[in-house]
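Undergrad: Residue numbers (this note's numbering), protein chains in the order written: chain X, 10 to 291; chain W, 168 to 442.
Just to be clear, a hint being listed does not mean it is correct.
Unchecked claim - Under 7 Å between C-beta atoms, here's a sample of chain W residues computed to sit facing chain X:
1. 176
2. 184
3. 187
4. 286
5. 350
6. 378
7. 385
8. 396
9. 397
10. 398
Said to hold, decoys possible - Beyond 10 Å from chain W on every Cβ pair, some chain X residues (computed):
11. 13
12. 32
13. 84
14. 98
15. 146
16. 182
Treat the hints as calculated values from the structure; they're not laboratory data. Even glycine gets a Cβ: it sits at the ideal position worked out from N, Cα and C.
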Amino acid sequence: MWLFALPALLINVFIILIPAMLTFMAAFVIWDGVGTPVWAGLANFRHMFDDPVFWSALTNNFIWTAIFLTVPVCIALVMAAALLMAPRSRVVVQTIIFLPRILAVAVTGRIFQGMIFSPATGLVAWLNERGVSIADPLANPDLSLYAVAAVDIWHWWGFLAVVFLAAMRQISVDQIEAARLDGAGFFALLRYVLLPGIRPTLALMLILTVIWSFQVFEFIFIVTRGGPAYGSEVLATLAYRHAFFEGDVGQAAAVACVMSLFGLCATAAYLWLQSRDSSHST
Amino acid sequence: MTGERWSKTFSLALIGVASFGSLLPIVLAVMNAFKTTVEISTNPLALPTRFHWENFASAWRNAALGPSLLHSAEVAGLTILMVCVTAAPCAYVLARQQGRGWRILTFYFMASTTVPVQLYLFPLYFMYAKLGLVNSIPAVALIYTAMFSPFAIFLLRTYVLSIPFALEEAAQVDGARPWQMFFYVILPMMRPGLLTVAIIVGLNAWNEFVIAVTFLQNENNITAIVKFYNLTGQYSTDWGEMLAAGVTIVLPVVLVFVFLQRRFIDGMTAGAVKS
Numbered sequence: 010m011w012l013f014a015l016p017a018l019l020i021n022v023f024i025i026l027i028p029a030m031l032t033f034m035a036a037f038v039i040w041d042g043v044g045t046p047v048w049a050g051l052a053n054f055r056h057m058f059d060d061p062v063f064w065s066a067l068t069n070n071f072i073w074t075a076i077f078l079t080v081p082v083c084i085a086l087v088m089a090a091a092l093l094m095a096p097r098s099r100v101v102v103q104t105i106i107f108l109p110r111i112l113a114v115a116v117t118g119r120i121f122q123g124m125i126f127s128p129a130t131g132l133v134a135w136l137n138e139r140g141v142s143i144a145d146p147l148a149n150p151d152l153s154l155y156a157v158a159a160v161d162i163w164h165w166w167g168f169l170a171v172v173f174l175a176a177m178r179q180i181s182v183d184q185i186e187a188a189r190l191d192g193a194g195f196f197a198l199l200r201y202v203l204l205p206g207i208r209p210t211l212a213l214m215l216i217l218t219v220i221w222s223f224q225v226f227e228f229i230f231i232v233t234r235g236g237p238a239y240g241s242e243v244l245a246t247l248a249y250r251h252a253f254f255e256g257d258v259g260q261a262a263a264v265a266c267v268m269s270l271f272g273l274c275a276t277a278a279y280l281w282l283q284s285r286d287s288s289h290s291t
Numbered sequence: 168m169t170g171e172r173w174s175k176t177f178s179l180a181l182i183g184v185a186s187f188g189s190l191l192p193i194v195l196a197v198m199n200a201f202k203t204t205v206e207i208s209t210n211p212l213a214l215p216t217r218f219h220w221e222n223f224a225s226a227w228r229n230a231a232l233g234p235s236l237l238h239s240a241e242v243a244g245l246t247i248l249m250v251c252v253t254a255a256p257c258a259y260v261l262a263r264q265q266g267r268g269w270r271i272l273t274f275y276f277m278a279s280t281t282v283p284v285q286l287y288l289f290p291l292y293f294m295y296a297k298l299g300l301v302n303s304i305p306a307v308a309l310i311y312t313a314m315f316s317p318f319a320i321f322l323l324r325t326y327v328l329s330i331p332f333a334l335e336e337a338a339q340v341d342g343a344r345p346w347q348m349f350f351y352v353i354l355p356m357m358r359p360g361l362l363t364v365a366i367i368v369g370l371n372a373w374n375e376f377v378i379a380v381t382f383l384q385n386e387n388n389i390t391a392i393v394k395f396y397n398l399t400g401q402y403s404t405d406w407g408e409m410l411a412a413g414v415t416i417v418l419p420v421v422l423v424f425v426f427l428q429r430r431f432i433d434g435m436t437a438g439a440v441k442s
């Protein structure tokens, strides 16, 4: 029977597990990826903790986590409730709000740069010409992280709303009707009936959000490359830069280890939630 | 207005605003893909006065989109094949076998989906470089297989769980061996699941960025996404041509999505909805 699982397992071990363990070891050596690694003890970590960019990247990861635990979740909850109450538009609207999720991030990033944020060709330019003076937020180190987050939220909330809607539809119709007859308005219904009804799904999505927030890479790398002036740098882009632009694999590995450490707690919660679930269903 | 009518009107207003927000950047991109750069910078929100199809022609030529779309299709096709071949039997045993070892294996696959790419990317790259596997499309498809097969395993596992065990018992009584059971009883029942897996894995492979940009670096194997990324930048000047290239790359995905949206949505939200 083991033979059935073997190909999938071998590929996974070769591509993910072994390199992951090598990363852990590489964090303790000085290595450019090609030559012979030299033992360095904790030097990579010391160096990392002395680097202000590391601390601002870590802070940015926390900001990112806070944003994604709240903004897209709130939008998605409200929209899922709205779709629940307007069943006739559901199929079409679901398709529309899900669409951003399936577009390639590289293309989405460029569309936002050119069509929204660009002071020459975007919405920003259009507003500027009509007397609303705003600058390109991607060029501002204090704003670039939030501007990229806005792009990711655009891409993400529709997916969340569809997930929440699917969960809300499992709540018994009687319960919803009863609350309505009691005179519950839109937000009361959401707060006292729908939200408690989808709690397991909500918990899972929040845990996954924490895991993903410490891994965020694509949007930032594509839209700002962590800039300007490291303003939107996060751990994943910092590690990538260390490894491939500066040829310092040991340093990159140290950052990757810290990054994984933060995700690990959330991963433990995720595994606990999933295993509890699978022991129910089998 | 009664409370219920008010809720309904409010909902419809929200839906309108949200749909507009989701569509606006896409509509702007498509619209401006047909305009000249001068027209775009004069007013990005204006409709094109004339359809400049030549943007698409020059994007196709300058970006060498033909070959790079072909590479994307190769990577996606190979990945789909390898994921289906390895995940289907694995899903079968994980659904049917009990015991500690199998639980650990399930756990392992689940944990591997939460590992950040950066935790294995760097040694993997230098390992690949040493083995001469950088710039090889099958080698990249192998990485995707490792990344996407846990998703496939868990999706297919739920299909196996829904197959009545009596079917296998009957086959067992007839003396079927495990592999016969898999091929003649389980696999046919898994078919709709395999189609969903193929669609989602194909989409992920087509759109993937980090691995592709790191491992594929020359014209003979670069995917459309990487080609597009390399050609364009924050300070691009020819937005008409650039948007035309972007629309061309995204179009196949959007077409498949519109026709098979139920399957896309079910596949991508699978496992996210708890009861």
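Undergrad: Indicate, hint by hint, whether the structure satisfies it.
TA: Status of each hint after checking the structure:
Because the beta carbon of residue 176 of chain W sits about 10 Å from the nearest beta carbon in chain X, more than 7 Å, this interface hint is broken. Here the hint on residue 184 of chain W is broken, as its CB sits about 10 Å from the closest CB of chain X, past 7 Å. The interface hint given for residue 187 of chain W is broken, as the beta carbon of that residue sits about 9 Å from the closest beta carbon of chain X, more than 7 Å. Look at residue 286 of chain W: its Cβ gets to within about 5 Å of chain X, closer than 7 Å, so that hint holds up.
The interface hint given for residue 350 of chain W is violated, since its Cβ lies 11 Å from the closest Cβ of chain X, which is over the 7 Å cut-off. Here the hint on residue 378 of chain W is broken, as its CB sits about 10 Å from the closest CB of chain X, past 7 Å. Checking residue 385 of chain W against chain X: minimum C-beta separation of about 16 Å lies over 7 Å; hint violated. Because the closest C-beta pair between residue 396 of chain W and chain X is about 5 Å apart, less than 7 Å, the hint holds.
Using the Cβ-Cβ criterion of 7 Å, the hint placing residue 397 of chain W at the interface with chain X is not satisfied: the shortest such distance is roughly 10 Å. Taken as an interface hint, residue 398 of chain W does not check out: its beta carbon lies about 10 Å from the nearest beta carbon of chain X, beyond 7 Å. Distance check for residue 13 of chain X against chain W: the nearest CB is about 4 Å away, which does not clear 10 Å, and the non-interface claim fails. Residue-level check failed: residue 32 of chain X sits 5 Å from the nearest beta carbon of chain W, not beyond 10 Å.
Once the 10 Å rule is applied to beta carbons, residue 84 of chain X is inconsistent with being away from chain W; the minimum gap is 8 Å. Against chain W, the non-interface label of residue 98 of chain X is violated: not every CB pair exceeds 10 Å, the least being about 6 Å. With a cut of 10 Å on Cβ distances, residue 146 of chain X stays outside the contact zone with chain W, its closest approach being about 12 Å. The claim that residue 182 of chain X is not at the interface with chain W holds, since no C-beta of that chain comes within 10 Å of its own (minimum 14 Å).
In this structure, the hints that do not hold are numbers 1, 2, 3, 5, 6, 7, 9, 10, 11, 12, 13 and 14, in rising order.
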